[in-house]
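> Residue numbers (UniProt numbering), protein chains in the order written: chain X, 1 to 365; chain Y, 1 to 365; chain R, 1 to 365; chain F, 1 to 365.
A few of these clues could be false.
Since the list gives no way to pick one copy over another, a pair counts as held whenever it fits inside one copy or between any two copies.
[Said to hold, decoys possible] Result set (SDA-like, lysine to any residue): computed pairs, CA atoms no more than 20 Å apart in a straight line:
1. 346 / 198
2. 346 / 199
3. 152 / 99
4. 346 / 143
5. 346 / 357
6. 346 / 279
7. 152 / 203
8. 346 / 203
9. 346 / 273
Honestly, the hints are just simulated from the structure, not real lab data.
4 protein chains.
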Amino acid sequence: MPSDTVSLADYERHFARMADAGVRAYVDGAAADGFTQRNNRAAFDNLYLLPRVLTDLTGATAATTLFGMALDYPILIAPTAYHKLVHPEGEVATAVAAALARTVMTVSTQASVSLEDIAAAAHAPLWFQLYAQPRWDDTLTLVRRAEAAGYKALLLTVDAPLSGIRNMEQRAGFRLPEGIRAVNLPDAPASVRPVHPGSPVFQGMLNDAPCWSTLERLCGATSLPVLVKGILMPEDAELAIGAGCAGIVVSNHGGRVLDTVPPAMAVLPLVAARVAGRVPVLVDGGIRRGTDIVMAIALGAAAVLIGRPVLHALAVGGVEGVAHMLTVLQTELEAAMALTGRARLKDIDPTILMARNGGCAYAPR
Amino acid sequence: MPSDTVSLADYERHFARMADAGVRAYVDGAAADGFTQRNNRAAFDNLYLLPRVLTDLTGATAATTLFGMALDYPILIAPTAYHKLVHPEGEVATAVAAALARTVMTVSTQASVSLEDIAAAAHAPLWFQLYAQPRWDDTLTLVRRAEAAGYKALLLTVDAPLSGIRNMEQRAGFRLPEGIRAVNLPDAPASVRPVHPGSPVFQGMLNDAPCWSTLERLCGATSLPVLVKGILMPEDAELAIGAGCAGIVVSNHGGRVLDTVPPAMAVLPLVAARVAGRVPVLVDGGIRRGTDIVMAIALGAAAVLIGRPVLHALAVGGVEGVAHMLTVLQTELEAAMALTGRARLKDIDPTILMARNGGCAYAPR
Amino acid sequence: MPSDTVSLADYERHFARMADAGVRAYVDGAAADGFTQRNNRAAFDNLYLLPRVLTDLTGATAATTLFGMALDYPILIAPTAYHKLVHPEGEVATAVAAALARTVMTVSTQASVSLEDIAAAAHAPLWFQLYAQPRWDDTLTLVRRAEAAGYKALLLTVDAPLSGIRNMEQRAGFRLPEGIRAVNLPDAPASVRPVHPGSPVFQGMLNDAPCWSTLERLCGATSLPVLVKGILMPEDAELAIGAGCAGIVVSNHGGRVLDTVPPAMAVLPLVAARVAGRVPVLVDGGIRRGTDIVMAIALGAAAVLIGRPVLHALAVGGVEGVAHMLTVLQTELEAAMALTGRARLKDIDPTILMARNGGCAYAPR
Amino acid sequence: MPSDTVSLADYERHFARMADAGVRAYVDGAAADGFTQRNNRAAFDNLYLLPRVLTDLTGATAATTLFGMALDYPILIAPTAYHKLVHPEGEVATAVAAALARTVMTVSTQASVSLEDIAAAAHAPLWFQLYAQPRWDDTLTLVRRAEAAGYKALLLTVDAPLSGIRNMEQRAGFRLPEGIRAVNLPDAPASVRPVHPGSPVFQGMLNDAPCWSTLERLCGATSLPVLVKGILMPEDAELAIGAGCAGIVVSNHGGRVLDTVPPAMAVLPLVAARVAGRVPVLVDGGIRRGTDIVMAIALGAAAVLIGRPVLHALAVGGVEGVAHMLTVLQTELEAAMALTGRARLKDIDPTILMARNGGCAYAPR
């Protein structure tokens, strides 16, 4: 690991330099023009943290509890596909790192290692991210396998009924290398979808897309907590709670599915206000600093998930890189708490925020 | 066609690389400093699309109807001059591509092929764009020729009574090459306009400019629907309806005539509010993505027109390029509808929009 | 003159390439960091022009009258020093060009040619810009000479009681070349100002600075109209009218004196509202396009003055360059009037404006 | 000293060119991404100064009084560590320069020369900046030494209970060179802090951090005026006054401790409004121009402190450089007063300000 790797931006920089162009386009690319991806970061530039000084910090801690699991700090590994693209051991390496850093890894449906092998290697809790499969039985099989392997929660991703328009990947001509594939899924049927000339998207392609009833059915089919990932609107959060979900992840899929949707930070306070504490609200998208996490918590998040930086660190530093990257974030978070005079996560509320444009100090936008 | 041509921006990039400098200045240039041209694009950056998830998309479609014509999707080819500048077959190639992509081409008064030859080659509906000629009889001749050749609608362009101050073209020293000219018009009289030293513009040059009475006369002279192209103000939309027009195209002529006028997107909601559904409102200017089209529809547009990208694609890929470019846009539009949970164009209303500056979420500016 | 010189920006570009570094720093430089100079331009980017179409333009004209002088168009030459820096004949060449372009030149107190020689060469009206001299008699001598030479108005510059902090000039080590000096002024006394160590500015340096009484005395001492140049605040406009001035020039001296003051466009509507037509309000600062002039008039200006572009054009094209540059501006102004549907200057009012930020359409900021 | 050194930006530029990379990272670097550091500068770009003209400037002066000390101008030297990094004589050279420029130097606890040696060399008033030490007795020893050496005031820094996340320094691998250290402090104990794996920050590291009671105790232990440095919130200003402080320094430590906190200028008016004249409010952070100082005073500051530019000037020009840099600032301040028509500091109030965004002219944000 280069000695100047001291922040998440450094991992990204080193990854950009060393990665294969196609892999880089896949990992760092986004939908269309990358507008939402850039805004995920830029959203944090609209806010200032307001520090209190000379506060008593005795017994300060960033610890929290999620679905009965004690966490030293509220930072989880987001689900991302195909870790073997950047490390020969793939998700197994990531899971080992998660345990070293004492946090939760969320394993993707599109993992490049079997979910059972990942669970066997891990010595810390895992969650499982689920894409609803065209056939309910296939979905249920994945659920039962995750339960059997000891996964502690399920995340149903709802914002990607079809793939994003990933121009960066397309321009780079990215294809999955030989030997890397979504091993937890049955082989995809040969692409013989007959497309009606009148529509490239709407003829058949979406007939099997999941609906609210899919979520309801899933919640009824498992005793694991089911989180819904990919909610941006308060109305959808309401529907998700009504369908029985145990938590919500405000997310735009890292800007990888539909470009021009808002950054998670812009809608998080609206969703959190609607949820009003009935279930935990998590968030991902552009979080790269401890101060970002303080802002997310102030806007209503119970915890955050980290996506691309995990792949950057896995590529640059392997197991050690991922564990170090997580510890950097934890350190930054705790330093930000100390320097703003907040001894506990619950002390982080909207009074810590000031809008940079002067519009509405002390309040979420 | 280069294999990395996967979006309209790619066509533009390849065109910029391969085109003759003068032709590029003509096609991609704009009036004065290009401020309005840039804002045509930038206007979209002020908006976010708000997606709904897990929606039922059964029977989803982007189809619509305009003046009795059924369209698979609401994207038309805008009128642009001299297609022979970028392709040896000129407008004939474009018309063939429009038919392949199952949409309408609008043929310019300044086409480099006779309007009859274009109509003969086309196997899909055509519209005809009209510049009012100094003499009414010349205007009427064009109308009668378009009617006879089977054109289905007329667009009267009203925002260019004089040419724009096209500094980019002037700096590049652009002149029409030998053999390319506005073949549908009589030869321009030799430029012997005696300019009074007191005014370079106002002495005689505008005496024959069209007025509201010209529009009224035109509407009375044909049974084709007459659209007025180049309206930016609600008051002018009202006057145009009063004069009998069948539709309005909100447009600043791609920023090519008067720099510093607002982008079409900024005034579209004001015009649409005033028109209030009495006639369809179309729009052009800077539309390069399916998400742009969703935004335009949310702000009141019934359909959009595409200008420069048609020339880019015609130069880069010929007939196939134009058809592919249109299909890319259609695909992006349909994907955006699916990913925002809108099964039909009529489901796209202002609640899909959020102002990026946080000013007025859920409402047009 | 290079053939691609088709706008004021082209003159600036060619001047930047050909000018001596010191002369360029003097002409194009500004106070401190050039913040105000940049904002003079940027202020125009906050506004859009709203065009009306199909308007009757019969008899359209940009002509106006100022202090009894008929002008074909409302664009004057602003006072700038030392034209010999860029042309061997200095202000004489500029005056000839002004007459060719049928407009008024304002001659600076710091002209590098005697005011009588300029007047002798000119065959069009001249105005004289005045700096109040430490001794009233010296000021009066200048006034009498201007009157005798046939100047038609006086501009008293009030925003420069001391020189600006012109870091760009200082870094370039600019000094007036041998043979170029302010020939209309007596030789400056040797710089033996004893500076008190406690203050580099306030000890003596400002004891002779002009006050409101200076203006009153000047207005009483001449029958020529006296304009006050360098007003940015409505309160000062009121005082200037009270002191007897015949007109006001809203100006920040091209950003050359105090950096961080607002652009003229930002305060023009406030000043114009206070003046309320009692005297004409002129404006300079960053005007480079005909559309800028339309905006200035919409915000309350009766006419505009052009500074640096005159020196650019004089350097690049001599007499012909200055005349061409002025005609370019006039052409752009008239084209903008035609394309916004305004047949006369008086038709240009705030309804032609839209704030780009959406804040307050149809009204000055 | 290079002859083009005519502003603080020039000193910064020359320093950047000549300094060792590590020293540059230490001096010019900031916490994390440097967001707050950049905003310290950018905050000034939100404001314009509104000049009044033809004002009577007889007897004008920038002089003021602080804690009974007469100052020719309200610009002090902020505390910064380790001046020997940029000059062999370290803080002694700076103190000599301060006296030449007739202003106050604030000596850092982390000075690289003993506070007694600095005092012996200085022939002008000194203030002493204090970090509360883990043991009160060590703090008290520093206070008594400063009193004995004749320091006139104490600044307790409260915004840095732990070091900032200084990534720029870390990437550059900066270490204090042999022979440069905080000589006024006892040797730091060997770093044997046992870190609990559950938290990199919160285990023990903050147990000795100062609290409000520390400030109260300090105020009671000395007859020198105690200023509190590092306040950004009005509530903390209130608490500081309650604890007995004699003055407040609004500061974010030059952006070196916690990134994303607001620029001092953004919160200064809020703090000043709360303090309401009970004690003087000083400010530092990004001040590089005389016009910045006018703005700070208009927003409620009694005086300003200058940090990094002192090190730039000390490196580039030694004693003479620092004295010149201070005189440049004084000259710019006085010129700004003269050109805005303010004869005394007390004439600088919020009516001199205009918000650049047009939001609230004539009032602090």
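> Is it within, between, both, or neither for residue 346 and residue 199, if the alpha carbons may be no more than 20 Å apart?
between (50 Å within a copy, 17 Å between copies)
> Between the shortest in-copy and the shortest cross-copy C-alpha distance, which are at most 20 Å for residue 346 and residue 279: within, between, both, or neither?
The answer is within: 16 Å in one copy meets 20 Å, while 34 Å across copies does not.
> How would you classify residue 346 and residue 357 at a CA-CA limit of 20 Å: within, between, both, or neither?
neither (26 Å within a copy, 29 Å between copies)
> For the identical chains here, do residue 346 and residue 273 meet the 20 Å Cα criterion within one copy, between copies, both, or neither?
within (16 Å within a copy, 30 Å between copies)
> Classify it for me, residue 152 with residue 99: is the Cα-Cα distance of at most 20 Å met within a copy, between copies, both or neither?
within (14 Å within a copy, 55 Å between copies)
> Under a CA distance limit of 20 Å, which applies to residue 346 and residue 143: within one copy, between copies, both, or neither?
The answer is neither: 33 Å in one copy and 38 Å across copies each exceed 20 Å.
> When no copy is named, should residue 152 and residue 203 be tagged within, between, both, or neither for a Cα gap of at most 20 Å?
neither (37 Å within a copy, 29 Å between copies)
> Using 20 Å as the alpha-carbon threshold, which applies to residue 346 and residue 203: within, between, both, or neither?
between (49 Å within a copy, 19 Å between copies)
> Within a copy, between copies, both or neither: which one fits residue 346 and residue 198 at a CA-CA cutoff of 20 Å?
between (54 Å within a copy, 18 Å between copies)
Of the hints listed earlier, those the structure fails to meet are numbers 4, 5, 7, in rising order.
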